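**Student:** What follows is the residue order along each chain.
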Amino acid sequence: RKEVEQDPGPFNVPEGATVAFNCTYSNSASQSFFWYRQDCRKEPKLLMSVYSSGNEDGRFTAQLNRASQYISLLIRDSKLSDSATYLCVVIRGSQGNLIFGKGTKLSVKP
Amino acid sequence: EAGVAQSPRYKIIEKRQSVAFWCNPISGHATLYWYQQILGQGPKLLIQFQNNGVVDDSQLPKDRFSAERLKGVDSTLKIQPAKLEDSAVYLCASSSKGGGGNQETQYFGPGTRLLVL
Chain A
1 RKEVEQDPGP
11 FNVPEGATVA
21 FNCTYSNSAS
31 QSFFWYRQDC
41 RKEPKLLMSV
51 YSSGNEDGRF
61 TAQLNRASQY
71 ISLLIRDSKL
81 SDSATYLCVV
91 IRGSQGNLIF
101 GKGTKLSVKP
Chain B
1 EAGVAQSPRY
11 KIIEKRQSVA
21 FWCNPISGHA
31 TLYWYQQILG
41 QGPKLLIQFQ
51 NNGVVDDSQL
61 PKDRFSAERL
71 KGVDSTLKIQ
81 PAKLEDSAVY
91 LCASSSKGGG
101 GNQETQYFGP
111 GTRLLVL
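Residue numbers (this note's numbering), protein chains in the order written: chain A, 1 to 110; chain B, 1 to 117.
FYI, nobody ran anything at the bench for these hints, they're computed from the structure. Any given hint might turn out to be false.
Unchecked claim - Once the Cα atoms are required to be at most 20 angstroms apart in a straight line, the calculated PhoX-like pairs of lysine-lysine come out as:
1) B:Lys11 / A:Lys102
2) B:Lys11 / A:Lys42
3) B:Lys97 / B:Lys71
4) B:Lys62 / B:Lys78
5) A:Lys2 / B:Lys78
6) A:Lys105 / B:Lys97
7) B:Lys97 / A:Lys45
8) B:Lys44 / A:Lys42
9) B:Lys44 / B:Lys78
10) B:Lys62 / B:Lys44
11) A:Lys45 / B:Lys44
12) B:Lys62 / B:Lys15
Treat the numbers as computed from the prediction; the structure is a model and nothing was measured.
Bound conformation, chain B alone (with noise of 0.2 angstroms):
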């Protein structure tokens, strides 16, 4: 079974710059969920779909991060301006299930490491 894909692998911008990482979720998964991880730091949601709709976006910096999963499968994350403090690995995970009290395992992808200069 294919894992979970992510692109790029890495991207180096400057700061001001706009970015996009694109994340193709195990076939079938129906929940898609998209990380950050700064350097010495656990993965923090950024946000979660359920199919086609967000169920959770409360930690994303909306003025200047933007997500979408037009068809229920795979997802767009973007990043316009980048700042420097974005320099993070930019981790997608997909389950069968989310939420309720029988949670699925997360898969995650290799992640797209950024770095803003």
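Chain A extracted, bound-state conformation (with noise of 0.2 angstroms):
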């Protein structure tokens, strides 16, 4: 079993849908959580950390159930834009090494 699994994907939906990622991470001694976007061709970039209390930045809401060992990002009033690769990124270790899912395509049409 992979240690940060996701949604498979792709995804395709219309401008302003609302969409949601899911993931899970096999090991309960992951310590910090986060989203990264990746667009085609491009490095990954942070989009956002993942607190148990749940965070929300603009149309983007992210949300960590430590007990299920799950997190999820929603994506609300979606926009061309948001089109990319969502990884999710699980932190474990003394040294902190980011371990990443495969991620999930999002590709949203007029």
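With the hints as a guide, bring the two chains together.
**Tutor:** The following block contains the structure:
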């Protein structure tokens, strides 16, 4: 079993739609959680951190459920510019190494 | 502020040849990482440096891959000899801190896209 698993995608949605991505992690010792965004042929960039209390940044909401080892990302009112691959990232270990999921591709259509 | 610089951006070689990639992290960043991203996968950590010392190289295929950061600033990653399965994007990232509970954001360079024929 992969340490970080994500919805396989791709997700094809119309503009204005709400879309949710799910991610599960297997190592209960994982410490920190993030969502990264990666545009086609570009490097990953930090989208947002994920906290147990849930956090929101504009149209983006991230949630963490430590008991279920589950992370989610909700995008409301999706824009064409949201089209990208969304990577679920978990940090574990004393060195704080990032463990990436395979990513979920989102395509927002007009 | 300048970002993480990598070169070359693209490289095509034949199997069994050697190749080297270069990375210059953000100025002042003590921690440098090399990742391998195979098409359709997330990045996988190969090696982590803290200044000029190796912190974690547990996933580096040491029979063919090597990396160094001699002066604690820029770094090179080498593959010798290359195999077909090494075709991937090699990403360098840096952060101002490494490890511990106070994780700093990692900033990624544009990557080197390697194709082994």
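**Student:** Does Lys42 of chain A sit within 20 angstroms of Lys11 of chain B, going by the straight-line distance between their CA atoms?
**Tutor:** Measuring from Cα to Cα gives roughly 16 angstroms; hence the hint holds.
**Student:** Under the criterion that the straight-line Cα-Cα distance not exceed 20 angstroms, is the pair Lys44 of chain B, Lys78 of chain B satisfied?
**Tutor:** holds (16 angstroms)
**Student:** Is the Cα-Cα distance between Lys45 of chain A and Lys44 of chain B 20 angstroms or less?
**Tutor:** Judged against 20 angstroms, a Cα distance of about 15 angstroms means the pair holds.
**Student:** Given the proposed pairing of Lys97 of chain B with Lys71 of chain B, does the C-alpha separation stay at or below 20 angstroms?
**Tutor:** holds (17 angstroms)
**Student:** Compare the distance between the alpha carbons of Lys62 of chain B and Lys15 of chain B with 20 angstroms, and conclude whether the hinted pair is satisfied.
**Tutor:** holds (17 angstroms)
**Student:** Given the hinted pair Lys11 of chain B and Lys102 of chain A, is their Cα-Cα distance within 20 angstroms?
**Tutor:** The hint is violated at about 24 angstroms.
**Student:** With a cut-off of 20 angstroms on the C-alpha distance, tell me whether Lys2 of chain A and Lys78 of chain B pass.
**Tutor:** violated (27 angstroms)
**Student:** Straight-line Cα separation of Lys97 of chain B and Lys45 of chain A no greater than 20 angstroms?
**Tutor:** holds (17 angstroms)
**Student:** CA of Lys44 of chain B to CA of Lys42 of chain A, is that 20 angstroms or under?
**Tutor:** Roughly 16 angstroms between the alpha carbons, so the hint for Lys44 of chain B and Lys42 of chain A holds.
**Student:** Holds or violated: Lys62 of chain B and Lys44 of chain B, Cα atoms, limit 20 angstroms.
**Tutor:** holds (15 angstroms)
**Student:** Check whether the Cα positions of Lys105 of chain A and Lys97 of chain B lie no farther apart than 20 angstroms.
**Tutor:** Not satisfied, since the Cα-Cα distance of roughly 30 angstroms exceeds 20 angstroms.
**Student:** Given the hinted pair Lys62 of chain B and Lys78 of chain B, is their alpha-carbon gap at most 20 angstroms?
**Tutor:** holds (10 angstroms)
Violation of the numbered hints given earlier is confined to hints 1, 5, 6; the remaining hints are satisfied by the structure.
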